[in-house]
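Protein chains: 2
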Amino acid sequence: MLSKKIQAALAGSSAIRAMFVEGKELAAKVGEENVFDFSLGNPATPAPEAVKQAIKDLVDQTDPLILHGYMSNSGYEDVRKAVADNLNSRFGTDFTWKNIVMTVGAAGGLNIVFKTILDPGDEVIVFAPYFGEYRSYAANFDAAVVEVAPDYETFEPDLAAFEAAFTDKTKAVVINTPNNPTGVIYSDKTMRRIAQILLEKESEYKKEIYLVSDEPYRELIYDGAKENFLTKYYHNTIVGYSFSKSLSLPGERIGYIAVPNEVTDAENMLAGIEVANRTLGFVNAPSLIQKAAAACINEKTNLDFYDKNRKVLYEGLSRLGFTCIKPQGAFYLWLKSPVENEAEFVAAAKKYNLILVKGSAFGCSGYVRLAYCISNEKIVRSLDAFAKLAKEYHLGE
Amino acid sequence: MLSKKIQAALAGSSAIRAMFVEGKELAAKVGEENVFDFSLGNPATPAPEAVKQAIKDLVDQTDPLILHGYMSNSGYEDVRKAVADNLNSRFGTDFTWKNIVMTVGAAGGLNIVFKTILDPGDEVIVFAPYFGEYRSYAANFDAAVVEVAPDYETFEPDLAAFEAAFTDKTKAVVINTPNNPTGVIYSDKTMRRIAQILLEKESEYKKEIYLVSDEPYRELIYDGAKENFLTKYYHNTIVGYSFSKSLSLPGERIGYIAVPNEVTDAENMLAGIEVANRTLGFVNAPSLIQKAAAACINEKTNLDFYDKNRKVLYEGLSRLGFTCIKPQGAFYLWLKSPVENEAEFVAAAKKYNLILVKGSAFGCSGYVRLAYCISNEKIVRSLDAFAKLAKEYHLGE
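Chains as they are written, first to last, in the working numbering: chain A, 114 to 510; chain B, 114 to 510.
Any given hint might turn out to be false.
Where chains are identical, the list cannot tell them apart; a pair therefore holds if satisfied intra-copy or between any two copies.
DSS-like mimics (lysine-lysine), calculated; alpha carbons at most 27 Å apart, straight line [what the hints assert, rightly or not]:
hint, residue 1, residue 2
1, Lys169, Lys413
2, Lys211, Lys117
3, Lys320, Lys117
4, Lys211, Lys137
5, Lys137, Lys194
6, Lys439, Lys413
7, Lys194, Lys142
8, Lys142, Lys463
9, Lys194, Lys165
10, Lys211, Lys142
11, Lys463, Lys439
12, Lys117, Lys314
13, Lys319, Lys117
14, Lys211, Lys345
Calculated directly from the structure, the hints in this document are not laboratory data.
Please model the complete structure; the sequences and the hints are all you need to start from.
Printed below as a string of structure tokens:
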């Protein structure tokens, strides 16, 4: 007899994971080399060589009672200091180690932040399309997401719709730029307007409204775009970060939360976050990997790998007559389904061993997501399959 | 503006962590070597040497895309198989990898199990004294713990009180043997009676009632006691395990859940646990450490280290006139406060630089807990401080 929430979750489980499983099943049938699996955001370029050396040095040189032992629930002070220093040097912030809490990935971080700020019945505004797990994370605390539709030209938020989405129950706004699933980077102008609206709404409703910035793709940007850090726009901004993409460590579950001093009652917020980290059962971020991430904090992932995929896929699909949003960051391509019901399109693609994820999983039907973090050779070969799919829909004719 | 739950949690935060912080503050004042900090269950004997080698071999020999990559939310199949095989060979169980889910420590595992089975308003029976975090974990899902008083001679559960504690809201019973905070191992006879009562109550209330066994101390047993595995007593038993103590890896957050096929609708339960693992934000247990734990699954911690501490402390304190429950397992000693209000006793102990944790943190006032996972040299020296404390209370006179 499972809990009602888990019964419901089982019924409507992750569309991304479901497609990942379908891809695996298909691979067992037709051979893995013949399946073009664009379902999962699993980094395809290995962790920098420095990570390997850092881990070996750590086990050789650190007392195992420290390396594998308990520390403060918020993480090792030296690791938190390394993160604070890194952010300060890159973004001109003024963090100390106390502003940083190490977390079990960004997913852990978001749950900790939600636990700390959300009461049952609260509303969390999200910008569609958005990472569907936000729904589960809000539901963990009996809060609900309120979806704001995008501008369908740019896939930036529709700011009039954003303004209209606030109620007296709004406690937080989640933002994710570079965006999963569109690859869009919100412009500086958009960010400034979002901040302005938030300030107005805080004043209107006479309470704190938090901007929660989910930043796993911060460093995955192309065409000379500049890395951004969102705390500069709005005082009540809390950042959740993950090293999953920047260091290709998704399985290790390592990330952090940054709470600037500008956040109302920041010290109390950080105390709440520390308690939430413990009571949710995370206890602390994995210890060895905390120290490895700190040692490798200036390492960079192989951006060229993704950029090459991005170009081949975007140009190839556009040439075939598909309507694509040009990705500016992350490793996703957002493609308009040639038919209104994109589930039908996803099923048609599967006939050609193309595994896509339907947009409704991201609160935005009529589109599909392609995660282009697979080998370039496969991307190139996939274009033949896409050509057949395009022909089926009479694209480019 | 923090959530109401976190505000309440901040007000009544972990007494164990609070004493740990007091210990650190005291250490800063009088020097760490002069503080006898019995507050935290932090293993004091290092991880087996094999762990170091396993980690180095893994980073040298494993494709980093696999070693640090996403796998199934329930963990690597080979790691789950290693756990299943290990349990089967030791306890005669018949697990396959599908019965095992790797988790972010036992704390993560318990939260996942609770998420999977608890609805708001449900009750979880716990045997006092018990690890106080169970309260937080149940509260995460709006369930409440119902405390069953111990037999004050043996500190096994009072089974008549247990029988009387069930209501139509009872969904689970949490058991922890070897026990934190008492060090007591529940006897085979007690376990069989608990199972019998559970069967009767399932029949009476016509629903599943789960026995959730929290087993981080399974291997920490003394005086020739035999390792026990609780699934043999009762069909609806779910085991949560942690490598924190057995491999001295508490900071790494690595453990597992075992769901035997005998559990009602086990397959569905495992599917629910997989979803809960993901939606709670754990996603998966840390990847490298999963593989390191599997490689070291037959390694043992230095039990002699703890056993020596146990004997010196138990014999020393008994000789001074303190009333102690003789520890049979784990690394805790449970001591009767010479005064009814044990908070007063804890404060008196602090004058002699002795950091103890009050029993009320474990739902059992009038007692204190000592975690004897510190150096033997300190344990020996602490007896002089305890002698002064004993004198203050006119013990042994």
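Consistency of the hints with the structure:
no.: 1; hint: Lys169 x Lys413; in the structure: both (19 Å within a copy, 23 Å between copies)
no.: 2; hint: Lys211 x Lys117; in the structure: between (39 Å within a copy, 23 Å between copies)
no.: 3; hint: Lys320 x Lys117; in the structure: between (33 Å within a copy, 15 Å between copies)
no.: 4; hint: Lys211 x Lys137; in the structure: between (43 Å within a copy, 17 Å between copies)
no.: 5; hint: Lys137 x Lys194; in the structure: between (41 Å within a copy, 20 Å between copies)
no.: 6; hint: Lys439 x Lys413; in the structure: within (23 Å within a copy, 55 Å between copies)
no.: 7; hint: Lys194 x Lys142; in the structure: between (50 Å within a copy, 24 Å between copies)
no.: 8; hint: Lys142 x Lys463; in the structure: within (13 Å within a copy, 67 Å between copies)
no.: 9; hint: Lys194 x Lys165; in the structure: both (22 Å within a copy, 26 Å between copies)
no.: 10; hint: Lys211 x Lys142; in the structure: between (52 Å within a copy, 22 Å between copies)
no.: 11; hint: Lys463 x Lys439; in the structure: within (23 Å within a copy, 64 Å between copies)
no.: 12; hint: Lys117 x Lys314; in the structure: between (35 Å within a copy, 22 Å between copies)
no.: 13; hint: Lys319 x Lys117; in the structure: between (35 Å within a copy, 18 Å between copies)
no.: 14; hint: Lys211 x Lys345; in the structure: within (18 Å within a copy, 47 Å between copies)
Hint check: no violations occur; every hint is consistent with the structure.
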